[in-house]
Amino acid sequence: MLENDQLIWQTFIEGNKFSYQQLMESNYNTLYNYGIKFSQDSELVKDCIQDLFLNLWNKRYTLSKQVNIKAYLFSSLRRLLHRKILSAGNYKYASIDNQFIDSFTFHVSVEQQIIKHESTILVAKKIATLLETLPTRQKEVIYLKYFHDFSRDEIAQAMNISMQTVSNLLQLALKKLKANFKHNFDPGSLFFLLPMIVAEIIF
Amino acid sequence: MSMQSKNYQNYLLEDFIWDEDFRNWVNQPTPLSERYWNEWLIDNPDKKRMVDAAKQIIQSIRIHEPEINDRDIDNQIKKILAQTNANPDNISTGNEVFNEQPERQVLLLRRNRLSIIKVAAVFVAFASIGLLLYYYFSEGDDKLQRIASGYGVTKKIILPDSSIIVLNGNSSINYNKTWKTSMPREVWLNGEGYFDVKHLNKTNQITPGERFIVHVKNLNVEVLGTSFDIRQRRDKIWIVLNTGSIKVSVKDKPDLIMRPGDIVTFFNSGADSVIVSKTEPNMYNSWTEKKLMVSNTSANEVFQYLEDNYGKKIILSDKSIATQKLEGTIMLGNLNDALFVLSEVLNVHVINTDSVIMITKIKK
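Heads up: the sequence lines are chains A and B, in that order.
Per the numbering used here, the very first residue in the first sequence carries number 1; after that it's consecutive.
Per the numbering used here, the very first residue in the second sequence carries number 1; after that it's consecutive.
Rather than coming from a laboratory, the hints here were simulated on the basis of the structure.
Mixed in with the good hints there might be a few duds.
Okay, the calculated bits of chain B under chain A, using three or more residues with CB under 8 angstroms as the criterion [claimed, not checked]:
#1 51–60
#2 63–75
#3 283–289
#4 343–356
Chain A regions said to be covered by chain B (calculated; three or more residues, Cβ under 8 angstroms) [what the hints assert, rightly or not]:
#5 25–39
#6 52–62
#7 113–119
#8 122–130
#9 140–150
Computed list of lysine to any residue pairs in SDA-like fashion (alpha-carbon distance at most 25 angstroms, straight line) [unchecked claim]:
#10 K84/A / Q83/B
#11 K312/B / L326/B
#12 K139/A / S60/B
#13 K17/A / R211/B
#14 K126/A / N27/B
#15 K116/A / D19/B
#16 K175/A / M3/B
#17 K17/A / A82/B
#18 K176/A / Q59/B
#19 K176/A / I63/B
#20 K48/B / I114/A
#21 K313/B / L335/B
#22 K177/B / E14/A
#23 K79/B / K126/A
#24 K116/A / M50/B
#25 K37/A / K143/B
#26 K139/A / R23/B
#27 K84/A / E65/B
#28 K143/B / N58/A
#29 K65/A / D19/B
#30 K65/A / K176/A
#31 K180/B / E210/B
#32 K139/A / K48/B
#33 K116/A / D46/B
#34 K125/A / L326/B
#35 K65/A / V274/B
For every residue, glycine included, the Cβ atom is placed at its ideal position computed from N, Cα and C.
Can you make the complete structure from the sequences, with help from the hints?
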């Protein structure tokens, strides 16, 4: 509940330790799931979350009341992870312009039992693959927007980019995800198209 | 919701899949979105197959989140808390995050806690405060207690000073497990509670430890020895005073002193309007005896009260049901009893399913 979170934050910045605990309890799982997409090293992610909350405790009296809590926590974790991964000397994740490369991955699965028609399953699987193969920043934007209901402003804050960049990334991602199946007469995907065409004719 | 302005008739499958409003309806339907989409489908039957397919695709696509079990999380949190206890004010992680948040260096003056001084000020002062904070946090139990009541259940709590709180359904309070006699007695409330506060003051002066403060959203209700009811639901807060006297303070507004029989209603969590009037206080705490007394109250309010307490969504088929006025006593032993009484009085059918309760008018 939104108002509840604000109350917890407010009492936390006044030094209430119970609110601090509640803040951790409400956010730990989500933060872990976010962090694990940057690094599959579970211990590293947990360490970063620990640092995040200890830092938060240290500066509780200096924090502002008007804070977008989840965007703030996400952006802090992201920065911490970035540093820790870099310092671990893992150059696969070397950064350019303060951004990660090749470092936001997740696996997408399709719950086939829910789907009635074979052709629909194929579409779902195609989308799953497209999601997994989006460029990293586009992937992250889609994840935050569609799977965590972040607003454009919140995404901008979490990823430390401008709102315009968020819009651009979103536009690019959606373009890929919506790659128009029906009109795509690329011979390579004809086999994939066939069941859909058949389904259209039958029904 | 800008659903009205969208051209859904021309949407393709993939447009539905990535449309926020459509997804919200699929993932978290509300009475409003249900009505909108069901009506839209009736008007656009040729799109039904596409909508069904889009729905199934949205529901079937899962991002794999590796399991971290609750125990693991609890352990991690305990670990973090332990470190804040050990060295409360200056924990070094070697990993200070550069923070772009609008941090303000604030002069915080708290009557019952310590003042924090500007960083530009003295290292020595900081060290001595650090020491004081250390003693404050290490002395005795710093454990905070949270007690919550389930839906439709009331809970009676005896506080460390023998004051009593009766919690209504779907409510919770937080308070320090042990209370120092030198500090005010403090409780944080969510939902509804009836308070019977022990009067401690024996002299003309009030010592800090004799003060009793209830925090609810951004209101502070301060009492000396009194019985009263605070109800915080949705965007309103009601406070009704039975006996004694209480002082209600909201930031940037003058304090409000209440007398027995006063009822104060705050809108929008105390930020906006306040209404002060007189009432029969027992009507507002009759729930402690498992009944709800109403007088010239709309059925809508009663249904909202039941929703808040029992946690089950109630849908009315007809607006005219909501506006009827009720007078009398409704037994609150359980939800079914309450609904039965209401169905008789309002002349409606009650359909109680697993997820919602539907109220429909009985056709003549």
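Hint check results:
{"no.": "1", "hint": "51–60", "result": "holds (count 6)"}
{"no.": "2", "hint": "63–75", "result": "holds (count 6)"}
{"no.": "3", "hint": "283–289", "result": "violated (count 0)"}
{"no.": "4", "hint": "343–356", "result": "violated (count 0)"}
{"no.": "5", "hint": "25–39", "result": "holds (count 6)"}
{"no.": "6", "hint": "52–62", "result": "holds (count 9)"}
{"no.": "7", "hint": "113–119", "result": "holds (count 4)"}
{"no.": "8", "hint": "122–130", "result": "holds (count 4)"}
{"no.": "9", "hint": "140–150", "result": "holds (count 3)"}
{"no.": "10", "hint": "K84/A / Q83/B", "result": "20 angstroms, holds"}
{"no.": "11", "hint": "K312/B / L326/B", "result": "21 angstroms, holds"}
{"no.": "12", "hint": "K139/A / S60/B", "result": "18 angstroms, holds"}
{"no.": "13", "hint": "K17/A / R211/B", "result": "21 angstroms, holds"}
{"no.": "14", "hint": "K126/A / N27/B", "result": "21 angstroms, holds"}
{"no.": "15", "hint": "K116/A / D19/B", "result": "22 angstroms, holds"}
{"no.": "16", "hint": "K175/A / M3/B", "result": "21 angstroms, holds"}
{"no.": "17", "hint": "K17/A / A82/B", "result": "12 angstroms, holds"}
{"no.": "18", "hint": "K176/A / Q59/B", "result": "20 angstroms, holds"}
{"no.": "19", "hint": "K176/A / I63/B", "result": "18 angstroms, holds"}
{"no.": "20", "hint": "K48/B / I114/A", "result": "17 angstroms, holds"}
{"no.": "21", "hint": "K313/B / L335/B", "result": "12 angstroms, holds"}
{"no.": "22", "hint": "K177/B / E14/A", "result": "19 angstroms, holds"}
{"no.": "23", "hint": "K79/B / K126/A", "result": "43 angstroms, violated"}
{"no.": "24", "hint": "K116/A / M50/B", "result": "12 angstroms, holds"}
{"no.": "25", "hint": "K37/A / K143/B", "result": "34 angstroms, violated"}
{"no.": "26", "hint": "K139/A / R23/B", "result": "18 angstroms, holds"}
{"no.": "27", "hint": "K84/A / E65/B", "result": "22 angstroms, holds"}
{"no.": "28", "hint": "K143/B / N58/A", "result": "19 angstroms, holds"}
{"no.": "29", "hint": "K65/A / D19/B", "result": "33 angstroms, violated"}
{"no.": "30", "hint": "K65/A / K176/A", "result": "39 angstroms, violated"}
{"no.": "31", "hint": "K180/B / E210/B", "result": "11 angstroms, holds"}
{"no.": "32", "hint": "K139/A / K48/B", "result": "30 angstroms, violated"}
{"no.": "33", "hint": "K116/A / D46/B", "result": "18 angstroms, holds"}
{"no.": "34", "hint": "K125/A / L326/B", "result": "55 angstroms, violated"}
{"no.": "35", "hint": "K65/A / V274/B", "result": "23 angstroms, holds"}
Going through the hint list in order, the structure does not satisfy hints 3, 4, 23, 25, 29, 30, 32 and 34.
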